[in-house]
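Keeping their order, the protein sequence lines are chains A and B. The first sequence stops at residue 294 when you use the numbering used here, and every number in between is there. The second sequence stops at residue 446 when you use the numbering used here, and every number in between is there.
It should be emphasised that the hints constitute simulated quantities derived from the structure, not laboratory data. For glycine and all other residues, C-beta sits at the position ideal for the given N, C-alpha and C. Treat the hints with care, since some could be wrong.
[Unchecked claim] If you want a taste of the chain B side facing chain A, the calculated C-beta under 8 Å gives, among others: (1) 282; (2) 408; (3) 412; (4) 420.
[Claimed, not checked] Keeping only pairs whose Cα atoms sit at most 30 Å apart, straight-line, the calculated DSBU-like set for lysine-lysine is: (5) 349/B x 278/A; (6) 42/A x 177/A; (7) 156/A x 42/A; (8) 152/A x 349/B; (9) 349/B x 289/A.
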Amino acid sequence: MALQSLDIQARSATTTPMPGVRGTLDVAKLIDISKCIGCKACQVACMQWNDLHGEIGHNLGSYQNPQDLNDTTWTLMRFFEVEPEPNRLEWLIRKDGCMHCADPGCLASCPAPGAIVQYSNGIVDFHQENCIGCGYCITGCPFDIPRLSKTDEKVYKCTLCSDRVSVGLEPACVKTCPTGAITFGSKTDMIDHAEERVTDLKERGFAHAGLYDPAGVGGTHVMYVLQHADQPELYGLPRDPAISPLVEIWKGVTKPLAIATMALVGFASLFHYVTKGPNAVSKEIEKEEEEA
Amino acid sequence: MRRDPRDLIRYTAGQRANHWIVGISFILLGMSGLALFHPAFYPFSLLFGGGTWTRILHPIFGVIMGLAFILMVIRFTKHNLMRRVDWQWIGRVGEMVNGIDEGMPAQGKYNGGQKLMFWLLLLCMLLLIPTGIILWRAYFDFPVELVRWAAVIHSATAVVMICLIFVHVYAAIWVTGTVRAMWYGTVTRAWAKQHHRTWFEEVTRR
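The whole structure should be built from the sequences, with the hints applied where relevant.
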């Protein structure tokens, strides 16, 4: 996908600014878990739009199928049977997929220039033609989303239908959702909409309803309305996701420090030679040995 | 071919070949590794046939270097055991660096600095090999937190090792008459007497 199709905000393994004069709207997808019926139409629409044909799996006693995200499953309905309070069973169903972080750990970790881009509308997209298959994005992701394909050794994940969004359409999952649990629009509109939903849920007895838009990754362009926002773990979501400090060290301070250290040692050697000259065998010893 | 019958043999052909396998694979590893580490070095990936080939080849170079390095450790450990005189030499390394080596304690086959280099490089390899395996996504899938630790340790250790090798190579160039020992195995008697007097006395006594 070429750079002109959408405006670029950040590009992997690139240290200079991207063309960013044109301003575009921050977009977001809002997933209202309280409205989701677990029909998996979004999962099917995603496969259909993106021409993904996964292997037929096995029923392991849950509606969740396949068991995990993979290279051909970019979104997955996860089913959780939980008791938020004792003796109150709830069946929580979450549509899992890329969160499109404002501060994407995958992009920070990627060593291949242009394999991961962040459009100025907030979508984080993988460009497989630049991907080298190292899997560093998996190491960088706080949500365990990218999947390395065994078929072609490239990584895949939800694109937020960047191809559809670039021509003014909503993502395929949004288009297909029969209950309106998934909505798409500007990020501010989605936050406003979420607030209305949260107020409504609170009136209906979900005292801890709230919006999941984690600040640790700068907010996300896929957000959830959770009935139990105080317990994101119930839905398999991390409480305070952030890029791991280890990844920050690896991709942050180590890089300039490494270049500085290597340059220092290299130049110190050169200038040592220039100032001290070679350490040659003394004429005296040479003479001794010649005469011996 | 005996160029000068009075020259002293420092390395056998097998030892030299072993060293060069390690050396060449180190250079390939360093360049491909830097390409994967910092965008400034990404152009190095062109030398290996592009980014994907760099990613495929780097760990294979690593296996080659790892095996050759183990062989070298087996060959050279006995010559690199630290003795008191080595610590004395290291304590006075400032004089050496300053170019005044007259007062340095007499050294065996290797001086204290070389021995320390040996052990530091071994330590680097002991950190690089397991972390490298953890990062090898094509064949292994370790828990992500472990991979994160491995990434930090692998890259930091690699930088330390590159710096150590800079010092190693520079020292060989700086001390005139040294590099030939790794090309064709011999050094002059005068060279040995000046830099490794104890070793010189051992090998000439026979």
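Now the hints, each set against the structure:
Evaluation of the residue 282/B hint against chain A yields a held restraint, the C-beta minimum of about 6 Å falling below 8 Å. The interface hint given for residue 408/B is broken, as the beta carbon of that residue sits about 10 Å from the closest beta carbon of chain A, more than 8 Å. At about 11 Å, the closest approach between the beta carbon of residue 412/B and any beta carbon in chain A exceeds 8 Å, and the interface hint on this residue is violated. For residue 420/B, the suggested interface contact is broken, since its CB lies about 12 Å from the closest CB of chain A, more than 8 Å.
Restraint check for residue 349/B and residue 278/A: the C-alpha separation of about 25 Å stays at or below 30 Å, so the hint holds. At roughly 13 Å between alpha-carbon atoms, residue 42/A and residue 177/A fall within 30 Å of each other, so this suggested pair holds. Between residue 156/A and residue 42/A the CA atoms are separated by roughly 26 Å; this keeps the pair inside 30 Å, and the hint holds. For the hint pairing residue 152/A with residue 349/B, the CA-to-CA distance comes to about 51 Å; that exceeds 30 Å, so the pair is violated.
Restraint check for residue 349/B and residue 289/A: the C-alpha separation of about 22 Å stays at or below 30 Å, so the hint holds.
Taken one by one, the earlier hints fail for this structure at numbers 2, 3, 4 and 8, listed in ascending order.
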